[in-house]
Amino acid sequence: MATVETRKISKFYTHEQAAVDGIDLFIPEGEFIVFLGPSGCGKTTLLRMIAGLEHPTAGDVLIDDRVVTALAPRDRNIAMVFQSYALYPHMSVFDNIAFPLRARQFAKAEIPGKVRWAAEMFGIARFLERKPRELSGGERQRVALARALVREPQVFLLDEPLSNLDAKLRTSARDELQQFQRRIGTTTIYVTHDQVEAMGLGDRVVVLSQGKVRQVGKPLEVYDEPADTFVAGFLGSPPMNLIDRGSAILGFRPEHFLPIEARETGNDAVRFTFRVTRVEYLGADRLVYGMLEGGAGEAKVLSRLPSTVPLPVQLGERHEFVIGRRDLKFFDRQTGLRTAPIPL
Amino acid sequence: MSLAPPRMAPLLHRLAGMTRRGAVHATLLLVGAVWLVPTLGLFVTSWRPSADVAASGWWTALPGGTFTAGNYREVLTVRGFEISLLNSVLIALPATLLPIVFAAPAAYALAWHRFRGRRFAFLAVVALLVVPLQLTWVPILKLFNLLGLTGSFVGIWLAHTAFGLPFAIFLLHDFMAELPGAVFESARIDGASELRLFLTIVLPLSTPALASLAIFQFVWVWNDLINALIFLQDRGKYPLTAAIQGLLSSYGSEWHLLAAGSFVSMSVPLLVFVALQRHFIRGLTAGAVKG
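Chains as they are written, first to last, in the numbering used here: chain R, 1 to 344; chain P, 345 to 635.
These are calculated hints, taken from the structure and not from any lab test.
Incorrect hints may have been included.
[Said to hold, decoys possible] Below are the SDA-like pairs computed for lysine to any residue, each with C-alpha atoms no more than 25 Å apart in a straight line:
id, chain 1, residue 1, chain 2, residue 2
1, R, K131, P, K581
2, R, K108, P, R622
3, R, K114, P, K581
4, R, K131, P, A619
5, R, K131, P, V616
6, R, K300, P, K581
7, R, K108, P, T544
8, R, K131, P, H623
9, R, K131, P, T544
10, R, K108, P, K581
11, R, K114, P, H623
12, R, K131, P, G525
13, P, K581, P, P552
14, R, K300, R, V216
[What the hints assert, rightly or not] Distance ranges between label pairs, derived from CB positions:
id, chain 1, residue 1, chain 2, residue 2, range
15, R, E134, P, G461, 52 to 58 Å
16, R, R104, P, R463, 30 to 36 Å
17, R, S237, P, G461, 46 to 52 Å
These figures come from a predicted structure and were not determined experimentally.
Note that the Cβ used here is the ideal one computed from N, Cα and C, for glycine as well.
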């Protein structure tokens with residue numbers, strides 16, 4: 001187990017555009033941290049610099065308080081699982097898992113026992129004689145995890161390891177992955193563009209965009225208290241409503257925007273007139289699209305009504321909707337950053 | 345307007361498919377025949393007595409002609425072909441292995457390592473592909489004379505290695521560049537040194553290209569006459585090609601011996617091909633990345 005730290009780390013592929021732009025991060029021992037962001041946000045580049053597969057243009061990587069920036073990947077005592085799994089196709093599952101041990105000159109007698117232990121951890125002990133091409137996607141992914149685990153590295157790096165699995169398998173694999181990490185307690189960095197994975201897996205989530213960290217926090221924190229309009233608009237599906245209100249941008253989650261009938265009103269709620277333009281039935285929820293009307297001009301917004309709210313909503317109707325005052329978030333129009341509430 | 349795709353009658357569709365396949369088969373049969381008929385002719389001739397060979401075409405012998413192993417016996421024992429056969433093996437094996445041994449690491453480095461002058465080095469290799477052999481004989485021979493390599497097997501190994509390297513590097517480079525890079529990165533993180541990575545990952549995954557290259561180079565060296573004559577300059581070291589050529593000039597029209605000698609000569613590359621062909625497994629990297 002180890003801590004991982006980046007200090008002002010940057011990567012420029014061209015002179016103008018930074019893939020990673022001066023990121024400072026501290027990951028404590030044993031944490032499961034998720035790098036989340038849209039494609040091209042720099043999350044994979046950041047991971048690859050921690051792994052040593054890319055050399056930073058500036059800044060340093062520290063593992064256990066030791067600067068490792070100049071060290072080769074194999075000298076960092078890390079393990080990585082690739083999106084493509086990157087198994088050795090000409091080797092059996094046994095030899096795949098044994099590869100890191102042999103590469104590190106483990107005693108010959110030690111190897112079969114360790115391979116078996118790692119294989120059993122992921123329930124693939126019966127495939128040891130097979131070649132990767134004879135395995136299903138989920139089985140290959142387990143081989144990749146077992147190979148990463150077998151030499152008990154200080155840090156696990158996982159680069160979208162579930163994205164090649166089908167949806168059903170992904171859910172169960174996510175669950176297993178989390179249980180496994182809890183059991184061994186190794187510091188784990190997980191890269192994904194999937195916010196459901198990020199929210200479900202991470203002790204903390206690092207939201208990245210355009211090479212910069214937008215917010216670091218517990219999943220609920222980044223969801224409930226987004227630091228800027230990017231995080232607000234990226235997390236949640238559908239994401240937060242963001243509407244122009246003069247010098248500020250007003251944000252609120254669709255599930256907090258409810259008909260007045262469905263909510264106890266008091267001084268802590270703000271009322272809006274909502275004209276419905278479209279209703280989408282999703283089973284457990286209804287998505288209601290429409291326009292806010294009133295003094296400050298019209299704005300397109302979205303409400304998410306749970307099926308427990310029985311109010312009939314029809315196209316073209318006007319309804320009184322409310323939002324709790326503490327569910328309203330305010331952002332600066334220029335910088336997009338969170339600001340103090342302003343009077344509405 | 346309907347956007348449904350135009351539907352072909354299933355029968356018509358099947359017919360079109362059969363015609364297409366038929367055309368492919370016919371072409372393959374034709375190519376096979378063009379190669380096989382002369383080979384068969386050579387094979388039949390090599391087993392006929394010399395009087396028969398002079399009297400009638402090989403195809404007349406097919407139904408119940410007289411056959412003899414005498415031609416092979418004479419070629420291999422009396423005319424010194426056994427020495428030439430051994431020489432050919434002594435020349436061809438190292439001259440096949442050496443270029444591969446040098447080309448494989450070079451190709452890997454050019455394909456996967458970032459270093460100064462990489463593009464230039466690769467361009468130089470490609471440029472060397474088109475240098476005519478004739479241009480190199482005089483300078484190489486002068487050099488070999490200086491180093492005392494003329495007339496030695498080491499000299500001809502080096503010459504063939506040099507001639508074979510540009511193509512070998514080019515072929516292996518193109519193959520290795522297509523290997524999945526994540527597998528190499530994974531091996532590096534797993535703790536493999538560059539040497540281990542090269543020996544246990546890159547080389548095994550390149551087997552199909554290495555096998556093709558081995559066949560190309562072996563056939564080229566095995567069938568080479570001119571380089572052997574130029575660099576060996578010693579009858580005792582001449583390969584089979586030179587022995588066959590000697591048969592042509594000194595014995596005039598001994599077609600039966602020529603046929604037997606030629607057949608011995610061509611059977612070796614055939615054996616090599618058969619031995620290596622099982623390595624041309626397509627999709628050897630299947631299972632490395634994704635599905």
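How the hints compare with the structure:
no.	hint	verdict
1	R/K131 to P/K581	violated (47 Å)
2	R/K108 to P/R622	violated (32 Å)
3	R/K114 to P/K581	violated (56 Å)
4	R/K131 to P/A619	holds (24 Å)
5	R/K131 to P/V616	violated (28 Å)
6	R/K300 to P/K581	violated (90 Å)
7	R/K108 to P/T544	holds (17 Å)
8	R/K131 to P/H623	holds (17 Å)
9	R/K131 to P/T544	holds (16 Å)
10	R/K108 to P/K581	violated (48 Å)
11	R/K114 to P/H623	violated (33 Å)
12	R/K131 to P/G525	holds (19 Å)
13	P/K581 to P/P552	violated (33 Å)
14	R/K300 to R/V216	violated (29 Å)
15	R/E134 to P/G461: 52 to 58 Å	violated (43 Å)
16	R/R104 to P/R463: 30 to 36 Å	holds (35 Å)
17	R/S237 to P/G461: 46 to 52 Å	holds (50 Å)
Hint compliance for this structure: hints 1, 2, 3, 5, 6, 10, 11, 13, 14, 15 are not met, and every other hint is.
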